[in-house]
Amino acid sequence: MSNQETLKSIVVRLAGDSGDGVQLMGSQFIASTALTGKDFATFPDYPAEIRAPAGTTFGVSAYQMNIGANPITTAGDAPDVLVAFNPAALKVSLPMLQKGALLIINSDAFVSRNLAKAGYDKDPRENGELDGYQVVSADISRLNLEAVKPFELSKSNGGRCKNFWALGMLMWMFDRDLGPIEHWIQKKFAKLEVVRDANLAALHSGHSYAETTELSEAIPRFNVSKAKLLPGEYRGINGSEALALGLAAAGELADRPLMFYSYPITPASPLLHRLARLENLGVGIMQAEDEIAAVCAAIGASYGGAIGVTSSSGPGIALKTEAIGLAISAELPLIIVNSQRGGPSTGLPTKTEQSDLYQAIYGRNADAPIPVIAANSPSNCFDTAIEAVRIAVRHMTPVILLTDGYLANAAEPWRIPDMTNYAAIEANQLDANTGSENVAFQRNPVTLGRPWISPGEPKLMYRVGGLEKDIRTGNISYEAENHQLMTRLRADKVACIANFIPNQEIEIGTTKGAIAVVGWGSTHGAIHQAVRKLGDTRVSHIHLRYLSPLPKNLGKLLSGFEQILVPEMNMGQLSTLLRDKLGIDPIPLPKVTGQPFLVTELINAIRAELPGTDSGEELSVIQGEHI
Amino acid sequence: MNPKPELMAKDFSSPEEIRWCPGCGDYAILKTMTQTLAKVGAKPEETVFVSGIGCASRFPYYMETYGFHTIHGRAPAIATGLKLARPELDVWVVTGDGDGLSIGGNHLLHALRRNIGLNILLFNNEIYGLTKGQYSPTSRSGTRSPSSPDGSIDAPISPGQFALGAGARFFARSIDTDKIGLGEVLQQAQAFNGAAFTEIFQNCIVYNQDVFADFTDRKTAEDRQLRLQHGEPMLFGKEKRKGLRFNSETFELEVVKATENPDQVLLHDEKNKIIAQLLLDLSAPMALGVIYKNPADSFEHSWYAARAQGLERTSSVAEALHNTDTWTV
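The listed protein sequences derive, respectively, from chains H and V.
Each residue of the first sequence is one higher than the one before, starting from 1 at the first, in this note's numbering.
Each residue of the second sequence is one higher than the one before, starting from 1 at the first, in this note's numbering.
Excised from the complex, chain H in its bound form (with noise of 0.2 Å):
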């Protein structure tokens, strides 16, 4: 019987050549861990090239991810376990590791060519660097292949089965049922006998190596705590998944068809697969010649009456700018989907920042305000999407959602919501006391849209375009006096939303005191779990949902603290943000490195800045938590 640890959660590194198929590995896992009601979270962290250099460190992908009882809200700092299928993994992932960490190395993959590639002038296992650490060496290259035999494969197609036999011996390891990942294996190839049946001999050659081999004696078993969750339905998603379902879901409350255009972008692509197979849901889609067809065809869809919808990531959003400044013009609805990834220019494509958030606020030509929310979470991007279309729909303007890399990949349990719950999305109805001339532009009083008319209504028919419109008529005009009145509407329209949206709460902690940890989009998981940690009253976490306009009430909730402190994956662009709409000066905490914050450098950032800690006294990395 080997030793087995009960632990509160626990931390998993799946680490590869990005063939090596880590990513369906680790997806595969977390959709058996849902199963068992624990929560979790996963992040995927892969390189740009679909197959890199094989044994290379800059080709290593890997799948992160976070088990164990609520609240898990990153995919953790350390990783307890790491299972490496060459050196060039073992090299990216042991700086990583939590000390004393299990590693299970593919041993075969362990010769002199590969450590070369990983640059390791010896075997890390033999010079000492892996003391301190639980190794465990499988021929995991070899037993696959040996399990795969009867299918008589070729050596590389064998070959690929290796990360279900990995899995075999991971679900061993944490004692769950296989049966889930059978019955996917059946399920996806239903029509490939041959290789269903060698990743099913694959998984369970894996599942008995670990059972019966010696070796076993030396492999731990996890028993990792159910989550305290709220009761309910759960399901797992990811923030591609939440957006592409949210925004179906728009199109339900709006009762409108949702038209999606888009141009394949990493990493923004996955929305437009979603997307694309939600028909059933009124959504059409159709992949453009190019980001500004893209942007486009999704204005041409809202002249026509749906809710047109584009997506993409910086450099694409940048593509996308004049149409965005027409929409503006029109004033249609319009959402604008950024997935944000590292830049400037093609930058680190899969990797997750948050640096557009000054192209979004303020990335046009002309006085041209735009409302900008911003997704916090997989999940969260549902509820977001649903709020950007309803903005969009009432004030009759474009809206730019952010969310980012990390959003788009990541994945964690989530509480199917009731859509009972949800308020219809309404235009703007006409006026029917008014006459029939000019009616496109009668704008409501209080949300300053006009109707949403669109071809097809007889008597109704109206000219639109760029050039700027008489505020009373729409028809064009090029009087000084009107523009100025003119773009202070479109400023007003903006800032009035504010009147329509909720006020800034508190994530954790008091309305007062020495620290408001002040983030926003995919940062909250980090933050949230850096101020529950820390555990001081003077310290609170505030997190932003609504970017442009801000909520009412944030201003005077932030004189509350003595400092503001700004996490973000970018230079301080919330920061700047803040001190131009506010007249605040808070403390920027910048990250550009690609990765998401770790829970401890931000535990250590707000302690750096709390009155009276001994700042000498960091924190390394949080241990796994043992009950």
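To be clear about the criterion: a stretch of chain H counts as covered by chain V if any three or more of its residues have a C-beta under 8 Å from a C-beta of chain V, and this derived list gives those stretches: (1) 233–245; (2) 452–465.
Below are the DMTMM-like pairs computed for lysine to aspartate or glutamate, each with C-alpha atoms no more than 25 Å apart in a straight line: (3) K459(H) <-> D11(V); (4) K228(H) <-> D325(V); (5) K10(V) <-> E457(H); (6) K459(H) <-> E17(V); (7) K187(H) <-> D325(V); (8) K512(H) <-> D536(H); (9) K459(H) <-> E46(V); (10) K459(H) <-> E64(V); (11) K293(V) <-> E252(V); (12) K242(V) <-> E184(V).
For the record, the hints were derived by calculation from the structure and aren't laboratory data.
Virtual Cβ for every residue (Gly too), placed ideally from N, Cα, C.
Given chain H's structure and the hints, the job is docking chain V onto it.
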């Protein structure tokens, strides 16, 4: 039921004051357009004109229909999004040589290859009018303009060859002031299912006066214009004495005396892409009318054919949220 009173050409003219230069060829096109829409019994509320930027792109303001004056080069993309969401609408795109073939070349290419149901009119005056006379992508080499004082050095693009190369299924050509020829072409374009691309030679009286005079001048028109009709012989000139035949040695079309070689004169087959390409290479005579028309399923037809329910919902989000592995706490 009382039949609806028929609409007249004037019913398609909006009250907006027209702001083209006096004498601009656009006036004639506008007039023929309103007449054509009246003639085909178009419904103004189901007709949309989408344009980009340039002199031609003011067109939607002057039509008593729905209209969207958008941004430079992007009208085909905006119209594509509209047509896909609202396939029942009659969507026209009005563009120019700069708007359609320079800044917007990519969108035009893709609208044509998709064969989406748009009626695309390219007003070709071989010059940038609205920005005051710079050479355009259709300007002939050597065109002197403010941005090419010594004459332009780039070769012009042929809108027709561009269209056929992109996979267009309909290409027609006409002249701004040719009421009858343009009217016929517009009617055929309107009736075509798919992307119908029409090049209209449009005289810019300010920056490129008479650039097409070699074949539009009334005195020589008969001799310089080949007016194509599907199934009819390719005859032109005084009393139709000239004709076109295919030279199998040079692989070109050549002019012959029709009276002496009646059976050598080609019949126009609008489905023949090779002949269409040869016709587009001619400048004397200039081929006019429907040069190529070979229908195929339109993009929106194929798109909707793949989804029986159209854009209706057959399921609910509530159902979709649960339609996966779930667990209960």
